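Asker: Here's the letter readout for the chains.
There are 2 protein chains.
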Amino acid sequence: MPRIPERKIISLILKECGKQAQERPDFHGSGDDCAVLTVGQEGQSGNIAVTTDTMVEGVHFSMDYFSAWHVGRKLAAVNLSDIAAQGASPKWAFLNLGLPDKWRRQPQDFLQPFTRGLCSRLGAFGAVLAGGDTVSCPDRIVLTLTLIGKLPKGRWLSRSGASPGDIICCSGYLGESAAGLLILSSGSKFNRRHLRLNRIVRRRLENRHLDPIPRVALGRLLVSGGFASAAMDMSDGLATDLAHLCNMSKTGALIYEDRIPVSRALKTLCRSLKRPLRPLDLATGGGEDYELLWTVPPHKQRELESEITRIKGVRPFVLGTVTEKTGVWLSGKNGSREISYQGYEH
Amino acid sequence: MPRIPERKIISLILKECGKQAQERPDFHGSGDDCAVLTVGQEGQSGNIAVTTDTMVEGVHFSMDYFSAWHVGRKLAAVNLSDIAAQGASPKWAFLNLGLPDKWRRQPQDFLQPFTRGLCSRLGAFGAVLAGGDTVSCPDRIVLTLTLIGKLPKGRWLSRSGASPGDIICCSGYLGESAAGLLILSSGSKFNRRHLRLNRIVRRRLENRHLDPIPRVALGRLLVSGGFASAAMDMSDGLATDLAHLCNMSKTGALIYEDRIPVSRALKTLCRSLKRPLRPLDLATGGGEDYELLWTVPPHKQRELESEITRIKGVRPFVLGTVTEKTGVWLSGKNGSREISYQGYEH
Chain H
7 MPRIPERKII
17 SLILKECGKQ
27 AQERPDFHGS
37 GDDCAVLTVG
47 QEGQSGNIAV
57 TTDTMVEGVH
67 FSMDYFSAWH
77 VGRKLAAVNL
87 SDIAAQGASP
97 KWAFLNLGLP
107 DKWRRQPQDF
117 LQPFTRGLCS
127 RLGAFGAVLA
137 GGDTVSCPDR
147 IVLTLTLIGK
157 LPKGRWLSRS
167 GASPGDIICC
177 SGYLGESAAG
187 LLILSSGSKF
197 NRRHLRLNRI
207 VRRRLENRHL
217 DPIPRVALGR
227 LLVSGGFASA
237 AMDMSDGLAT
247 DLAHLCNMSK
257 TGALIYEDRI
267 PVSRALKTLC
277 RSLKRPLRPL
287 DLATGGGEDY
297 ELLWTVPPHK
307 QRELESEITR
317 IKGVRPFVLG
327 TVTEKTGVWL
337 SGKNGSREIS
347 YQGYEH
Chain S
7 MPRIPERKII
17 SLILKECGKQ
27 AQERPDFHGS
37 GDDCAVLTVG
47 QEGQSGNIAV
57 TTDTMVEGVH
67 FSMDYFSAWH
77 VGRKLAAVNL
87 SDIAAQGASP
97 KWAFLNLGLP
107 DKWRRQPQDF
117 LQPFTRGLCS
127 RLGAFGAVLA
137 GGDTVSCPDR
147 IVLTLTLIGK
157 LPKGRWLSRS
167 GASPGDIICC
177 SGYLGESAAG
187 LLILSSGSKF
197 NRRHLRLNRI
207 VRRRLENRHL
217 DPIPRVALGR
227 LLVSGGFASA
237 AMDMSDGLAT
247 DLAHLCNMSK
257 TGALIYEDRI
267 PVSRALKTLC
277 RSLKRPLRPL
287 DLATGGGEDY
297 ELLWTVPPHK
307 QRELESEITR
317 IKGVRPFVLG
327 TVTEKTGVWL
337 SGKNGSREIS
347 YQGYEH
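Chains as they are written, first to last, in our numbering: chain H, 7 to 352; chain S, 7 to 352.
With the rest of the complex left out, here is chain H (with noise of 0.2 Å):
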């Protein structure tokens, strides 16, 4: 019998209580990246933005090609992405610790490298450590991590507010955390294999999976100028994490296989590789890139472009528009073909 997949845990799980939740006048942005609530005192409330995420050994990472310093960076770099998407600024984490017995024997092999790759992705963008609990996991590493944002009031990104006609804009090129991945999940035999591949290159590329970098200010800046009209980060790939911000706004979307941005290193790395894979198909289907996609009306674009160019780091994109039929579809020298929903499982 085959196991229920994630949605469907999820949906199974609201069916029991969901609803009450949204019931209530303080907890707002179901289904979005973060859970946003109203908090303080009548009359006097503020907006937090909260998230939680797991990481567990053998499922979202191995300990074959991870350091315990990059388990910790980016264990908190996929909450800081959430986060962001919210357009947030993180304050607040708090560190759930399952280890096994062999990592508890001498700190320096797991807990201080961890606790220092986890700290230093949280403070820089201004979070710290608060709380949190540390069990006996007999088998694995299981990490838990929640971290919570302030928000301007009753200001905050949403994956549902797409229109027709939105600009559809991601932070930066996608496929490469996929491609990272490639390259440190088939150990040293790969690299033997592959020595064509210009250090540098790979290098970049694994770095992209091991040690993502969240896209706060860019969060920030989508919901102070009130540019963005929907916003999510990505962590399943275009295809998959499009369809959903479209599901949520009703809508769908048209995006052209020229416009995607797709990077010199993938396209490398592509052809070094003995069975050929696309760069479109890895920049469309794979995961954990932790970019933001948003959308944008057109007469907000030009002002957007000026400001974004502020932020380090972030080369933004446009991919395409949001339309009034829905679906995910990509538009190519062959026509158009719906691509939703195929994206990437861990």
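FYI, nobody ran anything at the bench for these hints, they're computed from the structure. Treat the numbers as computed from the prediction; the structure is a model and nothing was measured. Using N, Cα and C, we set each Cβ at its ideal position, and we do this for glycine too. Careful, some of the hints might be misleading.
[As the list claims (entries may be wrong)] Label-pair restraints from in silico Cβ distances:
1. H:S169 to S:G160: 40 to 46 Å
2. S:P144 to H:L279: 39 to 45 Å
3. S:S192 to H:P11: 35 to 41 Å
Based on the hints, put chain S in the right spot on chain H.
Answerer: Then chain S, alone, in the frame of chain H:
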């Protein structure tokens, strides 16, 4: 080489990044059951309490004697108890669900009863599920719940305010959860050997372990009336919990053997065991009672006693007094002996 104990892990983590949180003006209550945070816009702030607990199958519970429904109830209760210990009102919960494939095949096997149990306990205390993450966890069930509660502005309970002369109280009988675990984990063998153990007594003790009642209303009363100089919830046993409270308050405690609340059910169980156990040892060393432990200045004790009668299910007991001399001392017929940290480890 021995593994690093829990509290050393925490101090290691704090060494790497703890200071940052304590240096921030919007962070309070380190070392308490929850982190207390100041949220909202400047001059319009409120306070929230945040706690998070992880339960690992085979470490914190066993599916041999826990139903999925009870797992959900208990996960909610242990977090609600932390919120109670801070004097907060539970509002929003976030669930991280790590499930092996075998529990993901039929929703009725785990997911449905678990979610029902979780939400029934949360709902009874005014909290709702507001988000989370579901992941595959190959070997065992790993569950994290993060719970956010609201606080009256600028007021919450903490472990660090006890003064010499304050009266030490707890909210119910102690050691019953440990007794329940003893029965449950001995399996059917035990039950056959101990048919003499009254079914009502057995059920009562088992339920205290499977389905503890968080003392949320009591926590709110203690903070709203300004009664408690210090408070915490009892998860590791009186000897350890009280030692923590005294340590944080830079005081000691003198408690009396004949005042430790030992129920008739606990005495009955202890008599029925082949290898006898003293009820007092379970009451001071057994964990997971999830009663509240608090200290109250003598001049407020009378008013508190009258207010507390309004709260259903709570039966307060006076255990002793806070002292200048550090350590937790238990006074009995043969003089007094130190019992600090003689607690319970999972």
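Asker: Taking each numbered hint in turn, which are not upheld by the structure, reported in ascending numerical order?
Answerer: 2
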